[in-house]
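Protein chains in written order, with this note's numbering: chain H, 1 to 429; chain Z, 430 to 714.
Please keep in mind that the hints were generated in silico from the structure rather than gathered at the bench. Glycine included, each C-beta is placed from N, C-alpha and C at the ideal position. Fair warning: there could be bad hints in the mix.
Claimed, not checked - Pairwise CB distance ranges (calculated):
1) Z/459 with H/337: 47 to 55 angstroms
2) H/108 with Z/702: 28 to 36 angstroms
3) H/105 with Z/600: 36 to 44 angstroms
4) H/105 with Z/683: 47 to 55 angstroms
5) H/337 with Z/441: 42 to 50 angstroms
6) H/300 with Z/467: 43 to 51 angstroms
7) H/321 with Z/463: 48 to 56 angstroms
8) H/338 with Z/628: 53 to 61 angstroms
9) H/32 with Z/700: 43 to 51 angstroms
10) Z/441 with H/32: 17 to 25 angstroms
11) H/105 with Z/591: 49 to 57 angstroms
12) H/210 with Z/444: 30 to 38 angstroms
13) Z/700 with H/34: 22 to 30 angstroms
14) Z/444 with H/145: 48 to 56 angstroms
As the list claims (entries may be wrong) - One side only, chain Z facing chain H, incomplete, derived with CB under 7 angstroms:
15) 441
16) 460
17) 462
18) 547
19) 704
Said to hold, decoys possible - Away from chain H, derived, C-beta distances all over 10 angstroms, residues of chain Z:
20) 463
21) 485
22) 543
23) 625
24) 637
Spelled out from the first residue to the last, the chains are:
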Amino acid sequence: MPKTEKSAPGGISKREAAEAALEAPVVVEVRDVEKTFRIPDHRVDSIKERAVHPFRKQNYRELKALDGISFDVHQGEFFGIVGLNGSGKSTLLKILGSIYRADGGSIRVAGRIAPFIELGVGFNPEMTAYENVVLNAVMLGLSRSEAEARVQSAIEFAGLEEFADLKLKNYSSGMMVRLAFSVMVEAQADIMLVDEVLAVGDAAFQQKCEDVFHDLRAAGKTIILVTHDMNSIEKFCHRAMMIHDGKVSILGTPEEVSEWYMRANFVDRDWKPGFHPGSAEEGDDAYVVDSWIEVPGGGRVENVQEGTAFTINTVVEGIREMPDPVLTFGVADENGVHVFYYEGRLSEAGVPTLAPGERVQVTATVDNLLSPGRYYLSTRGFRDGSTKDMRMQAVRITDFVVFGTAVGAGMVSLVSDVEVTRPGTDPEA
Amino acid sequence: MNVPVEPSDNPELKPVPGPSALGGGWKRFLDLLWLISVNDFKKTYFGTVLGYVWSLARPLMLFAVLLFVFTKVFRVGSDTPHYPVLLLFNIVMITFVQEATLASVVSVVNQEGIVRKTHFPRLVIPLSVVMTSLFNFGTNLIIVVVFVIAFGVPITWTWLLFPVIVLLLFVFTLALSTLLSALYPRFRDIGIIWSVLVTALFYATPVLYPMNIVPDRYVDIVMANPLAPIFQQARHWVIDPSAPTAAAAAGGWVHLLPAIAIFIGLCVISVLVFRREAPRIAEEL
Chain H
1 MPKTEKSAPG GISKREAAEA ALEAPVVVEV RDVEKTFRIP DHRVDSIKER
51 AVHPFRKQNY RELKALDGIS FDVHQGEFFG IVGLNGSGKS TLLKILGSIY
101 RADGGSIRVA GRIAPFIELG VGFNPEMTAY ENVVLNAVML GLSRSEAEAR
151 VQSAIEFAGL EEFADLKLKN YSSGMMVRLA FSVMVEAQAD IMLVDEVLAV
201 GDAAFQQKCE DVFHDLRAAG KTIILVTHDM NSIEKFCHRA MMIHDGKVSI
251 LGTPEEVSEW YMRANFVDRD WKPGFHPGSA EEGDDAYVVD SWIEVPGGGR
301 VENVQEGTAF TINTVVEGIR EMPDPVLTFG VADENGVHVF YYEGRLSEAG
351 VPTLAPGERV QVTATVDNLL SPGRYYLSTR GFRDGSTKDM RMQAVRITDF
401 VVFGTAVGAG MVSLVSDVEV TRPGTDPEA
Chain Z
430 MNVPVEPSDN PELKPVPGPS ALGGGWKRFL DLLWLISVND FKKTYFGTVL
480 GYVWSLARPL MLFAVLLFVF TKVFRVGSDT PHYPVLLLFN IVMITFVQEA
530 TLASVVSVVN QEGIVRKTHF PRLVIPLSVV MTSLFNFGTN LIIVVVFVIA
580 FGVPITWTWL LFPVIVLLLF VFTLALSTLL SALYPRFRDI GIIWSVLVTA
630 LFYATPVLYP MNIVPDRYVD IVMANPLAPI FQQARHWVID PSAPTAAAAA
680 GGWVHLLPAI AIFIGLCVIS VLVFRREAPR IAEEL
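So that you can see chain Z by itself, here it is in the shape it has in the complex (with noise of 0.2 angstroms):
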C-alpha cells in the first residue's frame, strides 16, 4: 500500500462547514445526487427480470380499470376528446407525484445510517428520490406516446413546451417532497397523514375528469389546487388544443392566483423548514 506524504508547510484553516442541507460544496452536492439517483434507477430497472415492466404495470393496470369504468359505467369520458390518451397521461403524471412523495417521506428516516455517521447533504437524499421517479416518469411517457401515435391525436408545435409542465410538475413535487421529509423525523404521524392526502390529491386533481364537468360554483376550489392549472394546461399543449387553457378554465387568469400563491408558498416553506431542520435531522433520528 503506498500512501503518499502530502506535506503542506502552511496550511491553512477553515472552519468546519457543520451538516447542513447542501453541506460540502455544489460539486460534491451533484456527485452524491448522481451516483445515488443512477443507482436507484439501475436497482429498479435491472433489480427484477421484468424491471421495466414492472414500472409499467401500475400505472397501466390503473388505467385499464378507470378507462372502463369511466367510459362504459359513468361515461364522463364519451364527450372528451381522445379521452383514453388523457386519461392515460393524466395518471402517468400524477403517479409522478405520488411516487415521489410517498417515497421521500420516510427517505431521511430509512437513511439513518449515512445521516448519522458521515457527513452528508441532506438535501440529497429527498433530491435523489424525486429524481428516481422522474427517471420512471421519463420512461412511462414512451407509452403515452405510443397511445398518442395509436389514438391519432395530432401532433403540435405546443408539444414543444411539454417541458415547462415538466418543471412545474418537478418543483411542486420537489417542494412537497423535501417538505415532507424533512418533517418525518420529528411528527412519525406524517407518513400516515401523507398516504390518506395523497389519494384525495388524486381526485382533486383532474385526473379522471376534464374540468368542464365541474360544476361552476366548484371551479375556483378545484383551481386553487396547483396541480389543477398544470394538468389542465398539459392537456391544452398536448392532447387537446380545443381544450381551454388553464386560465380560461378557470375562468380568467385573476381566478389563477390562489393556485399560484399556494405553489409559491409551499416551495418558500419547503426551502425555509428544510434549512432549519437540515443541521438537526442526525440529533432527531
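If we strip away everything but chain H, and leave its shape as in the complex, we get (with noise of 0.2 angstroms):
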C-alpha cells in the first residue's frame, strides 16, 4: 500500500493524501440507504395491553435516522465518520455492520467486514480467557479452527500469557480491555468498523490502542471509525464524512469536516445546538430533560460571576429500566479540556432502579474556582452500580460563562493566599 507512505508527516499535503487514497478500488459502497425507526408514542409491551385494547390503533412517531446516504470507501482508507447526538452515525455503522436492516438502498462490501460496537461484547465472565477469545473471534468473522490457531497471539498481544486459563470474571476491567482490543486486531477484518472503542481504558492503554490504529493504517487496513473526538479524526482518518440529520452534510478532508463540525457545534448556535433537551440518542437507556446552571437565589442563569459558587442541575427520565443507575458528570472548557468531574449514584438516593419515565435531577454545588471562559456540561448515564456498561451519552447538555477579570489565568484559581517572605527570616517576628 503506497498510500501510507504518500501520507507520511512532512511528505505531501493531506488534501493530496486523501485524493490518492481515491485511487485504491472502493471496497465499501453505500447507496442511498435510509433508515426509519417507528417509535410507539404510547409502547404496548404487554398482551394484556393488547387484549383489554384490542382495536386501539398504535401510533407511531416516524424517525428518519438516514435518509439516503451515499458515499464510498476505497482500499486501504481511514475514513472517520462525525455527526452530533441523534445525527444518525451509530445507525449507519450497525447497518453497515448487519445489526440493523436498511429500509431502502444497498450496500455492498469486498471482503470481510467486523463492527466494533464496543469491546468485548458477548465476553463471558464464567469463561477462561483462551475460550472467550475463541468465541469473539468467531463472532468476528473467523472461522473456528483460524480462530484457534491466532488464540495464542492475541493473549500475548494483550500481555495476558499468564491468565490465559484464568475466568474473566477474575480479570481486573483494564485487563479484559485489552484481551478485547488484542481480539479486535487478531480478528483481522477487511473491513473495521469501530464506533468510539478508544474512549476507553488508560492512559497508557490509550496510548497502546492509537499505537495499532497507526499500525493498521501503515498496513493498509480499511477502517471506518465514528466518533465525536475531532482529534482522532485529525490525526487518523484520511478522509472524513459529517452527517447531520439523517444526511450527509459534508465529506472531505479530516480538517473541513472537522471545521465544520466545529461551526455546526458552536459557532453558529442557531445552526443546530448539540443538544435538544428531552431528545434521547437512539438505543440509550435514558435522556436527559434539562439542566442548568442556578447561582444561589438567583435562579437559573447563564453567567456566573468568578469566585460565586453555583449549582449544576440535570434533570434525567428513564427510558428503559436501569438497575443502580450512575450519572457521571463531566465539564470541559471550551477546548475540550475536562477541568472536573462528578458522578452521582442513584441507588444511594433511594433509587434502586430508574424506572421508564421516572424522572431524577441531580444538583451539585460547585466552588466556583474556574477561571472566566466558557463551560460545557456533559453526561453519561451507566447502569449495574459501575461505570462500565454505559446506557446513556449526552454530549454539552448545557453551557455557562464564567465572567470575571483574571482571564488568562490558568484554568482554575487554587491559590487562597500568597504570602512574601524573606527566607531565613521569621515571618512571625
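Hints are included, so try docking the two chains, each in its own frame, into the full complex.
The structure is reproduced here in C-alpha cells:
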C-alpha cells in the first residue's frame, strides 16, 4: 500500500493524501441508504394491553434516522464519520455491520466486514480468557480453526499469557479491555467498523490503541471510525464525513470536516445546537430532560461571576429500566479539556432502579474556582452500579460562562492566599 | 504486531448480509452454535463442585416425591408394569422440554449485548439453549438406564427406535423455544404466561398417569397434545412392549391427526415468526 508512505507527515499535504486514497478500488459502496424507526407513542409491551384495547390504533412517530446516505470507501482508507447526537451515525454503522436492516438503498462491500461497537461484546465471565477469545473471534468472522490458530498471539499481544486459563470474572477491567482489543486486532477483518472504542482504558492503554491504529493504517487496513472526537479524526483519517439529520452534510478532508463540525457545534448556534433538551440518542436507556445552572438566590442563570458558588442541575428521565444507575458528569472548557468531574449514584439517594418515565434530578454544588471562560457539561449514564455498561450519553447538555477579570490566568484559581517573606527571617517576628 | 497486508487488485463487491436468523453462512452458524453450547455445558457441569449431581437432583427429587404420592397415596401406578422406571423416564423427558423452553424465553433478551452490538445469527441463541438442555437430557438418561437395569426391564430391539423419540421431542421443543424467544422482546408477559403453561403441559402430558386410566371421552383431548403420543410411543418402545402404541392408545391413526397437525402447525408458525422477527430483534430490545 503505497498510500501510507504518501501520507506520512512532512511528505505531501493531507489533501493530496486523501486524493491518493481515492485511487484504490472501492471496498464499501453505500447508495441511498434509508432507515426509519417507528417509535410508538404509547408502547404496548404486554399482551394484556393488546387484549384490553384490541382495536386501539398504535400511533407511531416516525423517526427518519438515515435519509439517503451515499458514499464510497476505498481500500486502505481510514474513513471517519462524525455527527452530533442523534444524527444517525451509529445507526449507519449498525447497518453497515449487519446489525440493523436498511429500509432502502444498497450497501455492497468487498471482503469481510466486522463491527466493533463496543469492546468485549459477548465476553462471558464464567469462561476462561482462551475460550472467550475463540468465541469472540468467531463472532467477528473467523472460522473456528482460524480462531484457535490465532488465540495465542491475541493473548500474547494483550500481555496476558499467564492468565490465559483464568476465568474472565477474575480479570481486572483493564485486563479485559486489553484482551478485547487484541481480539479485535487478531480478527483481521478486511474492513473494520469502529465506534469510539478508543474512549476506554487508562492513558497507557489509550496510547497502545493509538499505536495499533497507526499500525493498522500503515498496513493498509480499511477502517471506518465513528466518533465525536475531532482529534482522532485529524490524527488518523484520510477522509471524513459528517452526517446531520440523516443526510451527508459534508464529505472531505479531516480538516474540512472538523472545521465544519466545530462550527455546527459551537459557533453558529442557530444552525443546530449539540443538544436538544428532551432528545434521546437512539438506543439509550435514559435521556436528559433539562440541565441548567443556578446561583443561590438567583435562580437560573447563564453567566456566573468568578468566585461565586453555583449549582449544576440535571434532570434525567428513564426510557428503559436501569438497575443501580450511575450518572457521571464532566465539565470541559471551550477547548474540550476536562476541568472537573462528579457522579451521582442514584441508589444512594433511594433510587435503586430508574424506571421508564421516572425522573431524577442531580444537583451539584460547585465551589467556583474556574477561570473566566465558557464551560460545557456532558453526562453519561451507566447501569449496575459501575461505570462499565454505558446506557446514556449526552454531550454538551448545557453551557455557562464564568465572567470576571482573571482572563488568561490558567484554568482554575486554586491559590487562596499568597505570602511573601524573606528567606531566613521569621515571618512571625 | 504483524498485520499482513493483503492487497487484492479487484475486490468484488457483494451486498452486506444484514441481520437474520442464520446470518453469515452455515459454517459460521455451526461454529458459533458449537462453541456456545459447549461453553454452556461446561459452565453447568464444571461451574459448581457437584455440577452433574445438581443437574440430576431436580428430576430425581421430583421423581422421589411423585413416586411416593402415586404408588402409596393414590395407587395410580400399582397396576402399571415398571411404574417407577416409567415415571422416571417420563420425568426426564418432560424436564428436557420444560427446561429448554423456560430458558429460551428470555434467551434473546439476555444476550442483548450480542444482538445489539455484533452481527450474530439470531437462531443460534435459542438453539444453543435447546442444545444445552439436550446434553442434560442425555446425561439424565444415564440414570434411567441404571433404573432400567435395576428394575429388570427387559431389553428389546425397539430400544433402537428411541432416537426417533428424541428427534421428535427435540423438534417440538426447538419450535416452541424459537417461537417464545422471538415473541418475548415484544411481549414481555410471554415469560409469565409460559411459566404457567409449562406446568399445565406437565399435567396434560401422560407423565404421572398411564393413558389407559384416562376416561374415554377425554382421550382425544389428551392425545391432541403432541407430547402425549410421543410419550406413549416411548413407553411402548422402551419400557413396556405390552403397553399400547400411540395409535392404539388414541383409538386409531385418525385420532392422532390433531396432534400431528398441531405439531406441524407449531413448526411452521415458529419458522415464520422467527424469520420475520429476526432481522429487527436488535431494534426491539
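How the hints compare with the structure:
1. Z/459 with H/337: 47 to 55 angstroms: holds (51 angstroms)
2. H/108 with Z/702: 28 to 36 angstroms: holds (30 angstroms)
3. H/105 with Z/600: 36 to 44 angstroms: holds (38 angstroms)
4. H/105 with Z/683: 47 to 55 angstroms: holds (54 angstroms)
5. H/337 with Z/441: 42 to 50 angstroms: Since the Cβ atoms of residue 337 of chain H and residue 441 of chain Z sit about 46 angstroms apart, the hinted range of 42 to 50 angstroms holds.
6. H/300 with Z/467: 43 to 51 angstroms: Since residue 300 of chain H and residue 467 of chain Z have Cβ atoms about 59 angstroms apart, the given range 43 to 51 angstroms is violated.
7. H/321 with Z/463: 48 to 56 angstroms: Cβ of residue 321 of chain H to Cβ of residue 463 of chain Z: about 34 angstroms, so the range 48 to 56 angstroms is violated.
8. H/338 with Z/628: 53 to 61 angstroms: Since residue 338 of chain H and residue 628 of chain Z have Cβ atoms about 56 angstroms apart, the given range 53 to 61 angstroms holds.
9. H/32 with Z/700: 43 to 51 angstroms: 32 angstroms Cβ-Cβ, so the 43 to 51 angstroms window is violated.
10. Z/441 with H/32: 17 to 25 angstroms: holds (21 angstroms)
11. H/105 with Z/591: 49 to 57 angstroms: Hint holds: Cβ distance 52 angstroms, inside 49 to 57 angstroms.
12. H/210 with Z/444: 30 to 38 angstroms: holds (34 angstroms)
13. Z/700 with H/34: 22 to 30 angstroms: Holds, at about 28 angstroms.
14. Z/444 with H/145: 48 to 56 angstroms: The hinted range 48 to 56 angstroms is violated for residue 444 of chain Z and residue 145 of chain H, with Cβ atoms some 27 angstroms apart.
15. 441: holds (6 angstroms)
16. 460: At 4 angstroms from the nearest chain H Cβ, residue 460 of chain Z passes the 7 angstroms test, so the hint holds.
17. 462: Hint violated; residue 462 of chain Z Cβ to chain H Cβ min 10 angstroms, cut 7 angstroms.
18. 547: Where the cut-off is 7 angstroms and the nearest Cβ of chain H is about 5 angstroms from residue 547 of chain Z, the hint holds.
19. 704: Violated, about 13 angstroms.
20. 463: violated (7 angstroms)
21. 485: Residue 485 of chain Z clear of chain H: closest Cβ-Cβ about 21 angstroms, beyond 10 angstroms.
22. 543: The assertion about residue 543 of chain Z is violated, with a minimum of 5 angstroms to chain H.
23. 625: Correct as stated: the minimum Cβ-Cβ distance to chain H is 13 angstroms, above 10 angstroms.
24. 637: holds (30 angstroms)
Violation of the numbered hints given earlier is confined to hints 6, 7, 9, 14, 17, 19, 20 and 22; the remaining hints are satisfied by the structure.
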